[in-house]
Amino acid sequence: MEIITNSIRAFKAEWIKLKGTGIWWIIIIGSALIPVISAGYELTYGTEKPASGVVPWENDIQSNVNGFIFLFLLICILIIVRLCQTEHRSQGWKLIETQPIHRAHLYIGKFKMAMALSLACLLFYVFLNIALIYLVAVVRQDENYLTHSIPIGPILLYVLRVWIAAWGLMAIQYFVSIWLTNFVGPFMIGFVLVIAAGITGALQMGEWNPYGSPGMSSEHFKAGVSGGWMLHNEKLSIAWMLLFLWLGYQYYFYRSWKYAVQGGKQLMKIGVAAAVFAVAFYFIETPVTLGRHARTVISGAMAEPDSLITNVVLLRSGTMDTLLNIPFVNGSFHGVYEGEPLKAGDYVIVAGNNGTEVYMGDKDSIHIRWGARIMTNRGRPIITGTRQAENALNQRDDGYGFNVDNMQNFKPTEFADLVLESWQREMKTIDRFKTTDNIRPSEDFINMKKKRATLSYLEHVKVEYPKMYAMYYPGKKLEYPKTLDSLLHAVGDEEISLLGYADYLDYLDKDLRYQAKIRDLTFDSSYFDQIVNSNKPAEVRNAMLYHGMKGMIGNYGDSLKRNQLYNKYIGFQKDQYFARKLHERLALENSITKGMPAPLFESESLVGNKMNWTDFKGKYVVVDVWATWCGPCKQEDPFFQRYADMYASDRMAFVAVSIDDGDNLYKWQYEAGAKSKTVVQLRAKDKMVFMGQYGIETIPRYMLIDPEGRFVATSLPRPSDRLFEDYLLRVSEGN
Amino acid sequence: MDTRAFHKPVMPFSVCKNLFILPITDRLAEPVFNLRTNHHMQHEYAIETHNLSYSFSKTDKVIDSLSLRVPTGSIYGFLGPNGAGKTTSMKLLCGMLPGKHSNISLLGKPLDQCMPEVFAEVGTLIEMPSLYLNLTAYDNLRHLCILNGYDSSVIDPILETVGLAHTGKKLAKAFSLGMKQRLGIATAIIHKPKLLMLDEPVNGLDPAGIVEIRNLLIRLKEEHGITVFISSHMLSEIEKTCDHIGIIHRGKLRYQGTMEGLTNRPGLSKEVQFIVEDAPAAAEKLLPVFPGIRVLNNRAIQINIDEDVQVSDINRKLVELSIPVEGIEVKKGLEEWFMNMTNEK
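For the protein sequence lines, the chains are R and P, in the order given.
For the first sequence, the numbering used here puts the final residue at 1333, and the numbers step up evenly by one.
For the second sequence, the numbering used here puts the final residue at 385, and the numbers step up evenly by one.
Just so you know, not all the hints are guaranteed correct.
Said to hold, decoys possible - Calculated from the model, a selection of chain R residues having no Cβ within reach of chain P, i.e. all distances over 10 angstroms:
(1) Ala608
(2) Gly690
(3) Ala714
(4) Leu778
(5) Leu791
(6) Leu845
(7) Arg1023
What the hints assert, rightly or not - The list that follows gives simulated cross-link-like pairs (lysine-lysine, DSSO-like), each with its CA atoms no further than 27 angstroms apart:
(8) P:Lys210 x R:Lys863
(9) R:Lys856 x P:Lys98
(10) R:Lys863 x P:Lys98
(11) R:Lys856 x P:Lys131
(12) P:Lys209 x R:Lys692
(13) R:Lys1208 x R:Lys1166
(14) P:Lys101 x R:Lys692
(15) R:Lys617 x P:Lys213
(16) R:Lys610 x P:Lys210
By construction, these hints were calculated from the structure, which means they are not laboratory data.
Ideal Cβ positions, reconstructed from N, Cα and C, are used throughout, including at glycine.
Please put together the full structure from these sequences, using the hints given.
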């Protein structure tokens, strides 16, 4: 076809005009600069080998391309301005416009050349990177790189996406370069827009700036977590390109703005283009909310599976009921839940050492990918499926609530303003959340998140600040401005949907205690009477009662009192499930209460000897339950060791029981072996059994067992606490 | 002294060829164009405009009611002083200026309907030659071949024709003005157009170059029937090259027709110049017989010619007086007429 011949000819004609423009030098030097320098640096100074478990190649390519983007944008701008300059400077437009080839071919041909050159630049950069990384790996004999094959396919796809993301800005740059005939003008415009994109990107204000698009795409090696192959900013880039190529051509055809916008037909051409663009923009940028699946499915895979893992379980969060047990075969699993429809909320999926919190509900499909540290969400597993956005938003939370130091320095109105502004900002952030695939969580989830985020603000406003105010200004009435009403009404006292969340129950508890002037950690009759006699709906009462009784059971060391209170109030627990749970809890707590024999469990020493409590008969045993991956345990360790050195005797033994297993075994061997010999290092052979028997939900945990093997205390204060030493003194003085 | 320089090229081409083309043929290549059958009989005028007007601003009309008629197969000289509107007219004819002009036709077809295909048959060189300064002469032409699908074998002969065959790897940015001009002409003729539009083609060329190009244009017209439309502000150049002329002044066409028609206009006084060794002495001797004789300088005397006073009369008289005549030049008086006309308000 003639059109194809002509467009090929126009492109080839552009090729021959590249001679002597310096464009090849720009590409080669611009692309080679960073890789060569950093490779040289690596070889000369050398850095540590990256830790094993890191996926090589992908991470390097991604971060290298990301770091190249600024230079790449400048190169693209330079290429386009230079290409147009060859025509501007030598009256070239005049020559080619008096050839028997349609102006459209000339216009598009030059742009195609610019696109081809920018792609060549990216590919050159990437392949140079691969070559140099390989060279460095060979020199340093880094098996990580030498054994992993280079994922050429995914890398090319990644490069393709970043290239497409640049199409938008290239069309705009082309438009400007054809219009302005000097060099400085178009270049400065491009430069300024690149800087502007950096600023708006950092402020998270607009993903719509086409000059920021390649940067955004370069941050994600794989397009969509859910597998789509193009991100929305890339689609938007295509829309920008079409719009500006069209506008630019209108100007180019007439070589004058006056004629380009003159007359109804021309205005319509431009107007229609703008309208089409606006529609495309809307559809691309509007986030999508996912619907539900046909069944409730849990599936997943592990990048480097632990051979000890045989199955994966789905648990209800909080109560840890097992809902589904799926076999784990060849590093992956797939199961369908067919029990009672699950309420949308928090669940836990556990595979060996990996326990992941998941938000899901009925008819949801959840897929989890546990992988190596890098490239997987800052060490967290990647959750895809119908609740992708919800889980991404959950993972984004750092768990810190709102807090204000030195509240006494704020007058009520100032405090109200501070709280209000902070709160509104956080609400907006939650509202605006969407994943890189442009998926938004469901409205219900967003509302739930917003309410739960509001809780810490409410606590400060309703409890903390009034407490402080009463202390500093006794007798004075606290008046908040009316503006705070929106916050105060954001979450009610009877939100049934939030009853499944511990933070809501904590909030209700705090509020109740403040209103009734009951101190924290007081679980006596006055407290429970408040709950039972409140005129809240039954579900709320049951949940609060459950929450309170659970706290009471866990906190009362005196088993007599514990059982008394339990018996008095269990009748008010109308929810069968809660009642059953409380019963189990009580039984467990009673079994490990003071005076009960510490359950025997299989443990082994550093050298592999089988040990048990019977080996310590006749001595008090101070137990430290820890693990190599537990940060707080490590913080307490020096204190524990010091007390071991001070107080270990033939009457008192210090034992550290580790719950490390699987891959962490060798770590335990290494770390435990390095510790002081005054502490006996043991490892629980079956972590789950041990923790279940002892009711251990969190570590570190410190316990005291008497010479007959009975519990003295199942939860000592931490060694860093003065009270710990008190305990030891009392015991060692023969109490 | 070279007498050929003063002869008008109105003799039959074959005679011309023998007389002064041949000695220069070693500089010119073989004709590069194949003889073609003459399609030009389809339209009488290669370029035609009807009351074409154009202005850049509201007040000033750069072109005013221009009605050009360039006969097919002619060499048409578009003459006018600087600023008369020549280049603007040519730009309009090539569709380079924005706006739709329905009153222009090239090769019999309305311009706004046959763009850009018409450029397959039209070659142009408007204002400065458009070249890619970062390319060699060869590459500049090769670019056009690639763009339009011509075979590259035509490039070398064209370069020979315009006298750039020796440039080799020299980039166009190092070319002299004359070389750039030659390259510009090469880009205009490379595709064997039926119509050539050249804006001041001999601008910047040395005298030898001027002659070369002039002869090339004449050859194109004679051998291949190509219509040549050239603009210039130099009357002498147009006189020597063209057979048709259009004179433009301040955007208006003052005269359009054949060269002969112009030279034979009534009211144009013809003059003849005689080159002699001692002009004042000769003038003195002639004065009694020819009272209108004037001394131009030490070596030239001039006199008006009309029915009474003929060139042969004066010549005979000089021979009688044994005054050696070294040169005779008949001036059509065109220059004077032209100066008068262009000095009008």
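So, going through the hints one by one against the coordinates:
Listed as outside the interface, Ala608 (chain R) is inconsistent with that label: its C-beta sits roughly 7 angstroms from the nearest C-beta of chain P, within the 10 angstroms cut-off. With a closest Cβ-Cβ approach of about 6 angstroms to chain P, Gly690 (chain R) is found to fall inside the 10 angstroms limit, against its non-interface label. Residue-level check passed: Ala714 (chain R) sits 16 angstroms from the nearest beta carbon of chain P, beyond 10 angstroms. Listed as a non-interface residue, Leu778 (chain R) keeps its Cβ farther than 10 angstroms from every Cβ of chain P; the least gap is roughly 18 angstroms.
With 10 angstroms as the threshold on Cβ separation, the claim that Leu791 (chain R) sits away from chain P holds: the shortest Cβ distance comes to roughly 28 angstroms. Separation of Leu845 (chain R) from chain P is adequate, the least Cβ-Cβ distance of about 17 angstroms exceeding the 10 angstroms criterion. Under the 10 angstroms C-beta cut-off, the non-interface status given to Arg1023 (chain R) relative to chain P holds; the minimum distance is some 53 angstroms. Of the supplied pair hints, the one linking Lys210 (chain P) and Lys863 (chain R) is violated, its CA atoms being roughly 48 angstroms apart against a limit of 27 angstroms.
A threshold of 27 angstroms between alpha carbons decides the hint, and for Lys856 (chain R) with Lys98 (chain P) the separation of about 14 angstroms falls inside it, so the pair holds. Our distance criterion of 27 angstroms between C-alpha atoms is met by Lys863 (chain R) and Lys98 (chain P), whose separation comes to about 24 angstroms. Restraint check: the Cα-Cα separation between Lys856 (chain R) and Lys131 (chain P) comes to about 18 angstroms, which is no more than 27 angstroms; the hinted pair holds. For the given pair, Lys209 (chain P) sits about 24 angstroms from Lys692 (chain R) by alpha-carbon distance, which is consistent with the 27 angstroms threshold.
A threshold of 27 angstroms between alpha carbons decides the hint, and for Lys1208 (chain R) with Lys1166 (chain R) the separation of about 44 angstroms lies outside it, so the pair is violated. At roughly 23 angstroms between alpha-carbon atoms, Lys101 (chain P) and Lys692 (chain R) fall within 27 angstroms of each other, so this suggested pair holds. Simply put, Lys617 (chain R) and Lys213 (chain P) have alpha-carbon atoms about 13 angstroms apart, close enough for the 27 angstroms limit, and the pair holds. Proximity of Lys610 (chain R) to Lys210 (chain P) is assessed by CA-CA distance (about 22 angstroms); at most 27 angstroms being required, the pair is judged to hold.
Hint violations for this structure: numbers 1, 2, 8 and 13, all remaining hints satisfied.
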